[in-house]
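Colleague: Residues per chain, in single letters:
Number of protein chains: 2
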Amino acid sequence: MGVAERRERQKAELRDTILAAARRIFIEEGAEALTMRRIAEMIEYSPGTIYLYFESREAIAIQLVREGFEKLVAVIGPAAAVVADPVERIRAIGAAYTEFGIADPETYKLIFMEDAKYVYAAMTPSAGPEPCATDEPGEQAFGVLAQAVAEAVERGLFRPVEAQRTAEALWAGLHGALSLHITCPVMMPEVRAVATIVQESMLAGLRA
Amino acid sequence: MGVAERRERQKAELRDTILAAARRIFIEEGAEALTMRRIAEMIEYSPGTIYLYFESREAIAIQLVREGFEKLVAVIGPAAAVVADPVERIRAIGAAYTEFGIADPETYKLIFMEDAKYVYAAMTPSAGPEPCATDEPGEQAFGVLAQAVAEAVERGLFRPVEAQRTAEALWAGLHGALSLHITCPVMMPEVRAVATIVQESMLAGLRA
DNA sequence: GTTAATAAATAAACACCGTTCACTATCTTT
DNA sequence: AAAGATAGTGAACGGTGTTTATTTATTAAC
Chain A
17 MGVAERRERQ
27 KAELRDTILA
37 AARRIFIEEG
47 AEALTMRRIA
57 EMIEYSPGTI
67 YLYFESREAI
77 AIQLVREGFE
87 KLVAVIGPAA
97 AVVADPVERI
107 RAIGAAYTEF
117 GIADPETYKL
127 IFMEDAKYVY
137 AAMTPSAGPE
147 PCATDEPGEQ
157 AFGVLAQAVA
167 EAVERGLFRP
177 VEAQRTAEAL
187 WAGLHGALSL
197 HITCPVMMPE
207 VRAVATIVQE
217 SMLAGLRA
Chain B
17 MGVAERRERQ
27 KAELRDTILA
37 AARRIFIEEG
47 AEALTMRRIA
57 EMIEYSPGTI
67 YLYFESREAI
77 AIQLVREGFE
87 KLVAVIGPAA
97 AVVADPVERI
107 RAIGAAYTEF
117 GIADPETYKL
127 IFMEDAKYVY
137 AAMTPSAGPE
147 PCATDEPGEQ
157 AFGVLAQAVA
167 EAVERGLFRP
177 VEAQRTAEAL
187 WAGLHGALSL
197 HITCPVMMPE
207 VRAVATIVQE
217 SMLAGLRA
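Listed in order, the protein sequences are those of chains A and B. So for the first sequence, this note's numbering puts the first residue at 17; every next one is plus one. So for the second sequence, this note's numbering puts the first residue at 17; every next one is plus one.
FYI, nobody ran anything at the bench for these hints, they're computed from the structure. Mixed in with the good hints there might be a few duds.
Partner residues aside, some chain B positions facing chain A, computed with beta carbon under 8 Å [as the list claims (entries may be wrong)]: (1) A47; (2) A56; (3) S62; (4) G64; (5) T65; (6) E184; (7) A185; (8) V210.
Here the structure is a predicted model, which means the values were calculated and not measured. Don't be surprised by glycine CBs; every beta carbon is placed ideally from N, CA and C.
Based on the provided sequences and hints, a complete structural model is requested.
Modeller: Here it is as structure tokens:
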């Protein structure tokens, strides 16, 4: 009775093919080109077929958001793991984050600059409607930063600030530079320089 | 021969009516609802008519971007004008900027978070294709900030930093908090608190 | 006052979008 | 070989921005 297995395997394969096409279109042609008909054309199936594998266009986008978050974690995790000193670790995280945004602007845009619904959905794997899963990639990446801030406070390297909000502030600073650069390079031509200023001035200001 | 004049006047009137409808739809129903057919329905004309007054939907959006920049300047200018001390002035500008983003998120989004093309076009009033007009509202608002930073450096209140990049960094910091809050409130619930941390830690770090 | 010219507005169409659904063709089981 | 299940299709629906031939109304000329 290997028929059912083969069928299942083939179904999974086509699902992956769809996702691969979506990924490729998204990266090569941008978020706007990611249409059902474009995907269908690329995989040489009719548009309707995609709906046998994904509930909607949004469901595909959500999957890409998930992958995007995983990419980000894959970049930030290692960068953070190496460094013992919490302040230096914040620097390492910040640098990795900034480089990620510069290297893969489309993914960065999809994750942090598109409509929240994608992120919400990506944050809720298959659970209820409430978007707060602390073990998700996004939270995980942020957690590493918050942890570093908390450590810096504990060790007396930072003034006694609220770790959560301060981490949010550090993140916001870099996100501001990156997102402005992505939406309008003219406004923010020297992202790296600006990101460095944001980070270094904040670190200096937070120092005990 | 007052006919031509009246015609011209009526043409201008309908143009304004279209813009007023667009403004209203944009504010009340959001950017996504701003469609040609929706505008046409509101002003009780056929969609095609709008094209006799605006080149495209984009042209209408560009006009709204222009108005948005003007609103921003109208908020920031006065806030900056009152304060003599450059550092306090930066605080005042930052506060006004943050409140603008919180009070009018749709406009903020349109200006700083949509595709750059709108901003580019809005920055070039009617000139060539190159987007750099230093006398435009956007540049004007930023100029006030850059000026304050330069003054702070001159008076020895700040370390000898590059005024332009530092101003960009201060801006980026606030923009990061605001834009994250707008796209995904869950990620940035306490905008004001975070904006304050960003601003104050940066100011502390920049102090001479 | 009637006719010709001009300008404004429209309705219908084009090409795209996401999505749905009746239907076909193929494969599997009986 | 017949019956049943299932993957895939193609056409359609209602939506988008935009274009164009056509109608309608106003103005100008005779």
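Colleague: Could you check if E184(B) really has its C-beta closer than 8 Å to a C-beta on chain A?
Modeller: holds, 5 Å
Colleague: Is the hint on V210(B) kept, meaning its closest Cβ partner in chain A is under 8 Å away?
Modeller: holds, 5 Å
Colleague: Could you check if T65(B) really has its C-beta closer than 8 Å to a C-beta on chain A?
Modeller: violated, 28 Å
Colleague: Does the closest beta carbon of chain A sit nearer than 8 Å to the beta carbon of A185(B)?
Modeller: holds, 4 Å
Colleague: Taking the closest Cβ pair, is S62(B) under 8 Å from chain A?
Modeller: violated, 28 Å
Colleague: Report holds or violated for the interface hint on A47(B), using the least CB-CB distance to chain A and a cut-off of 8 Å.
Modeller: Violated. Min distance 11 Å.
Colleague: Under 8 Å, Cβ to Cβ, is where A56(B) needs to be relative to chain A, so tell me if that hint holds or is violated.
Modeller: violated, 24 Å
Colleague: Can we keep the G64(B) interface hint, with Cβ of chain A closer than 8 Å?
Modeller: Interface hint status for G64(B): violated (25 Å vs cutoff 8 Å).
The earlier numbered hints that this structure contradicts are 1, 2, 3, 4, 5.
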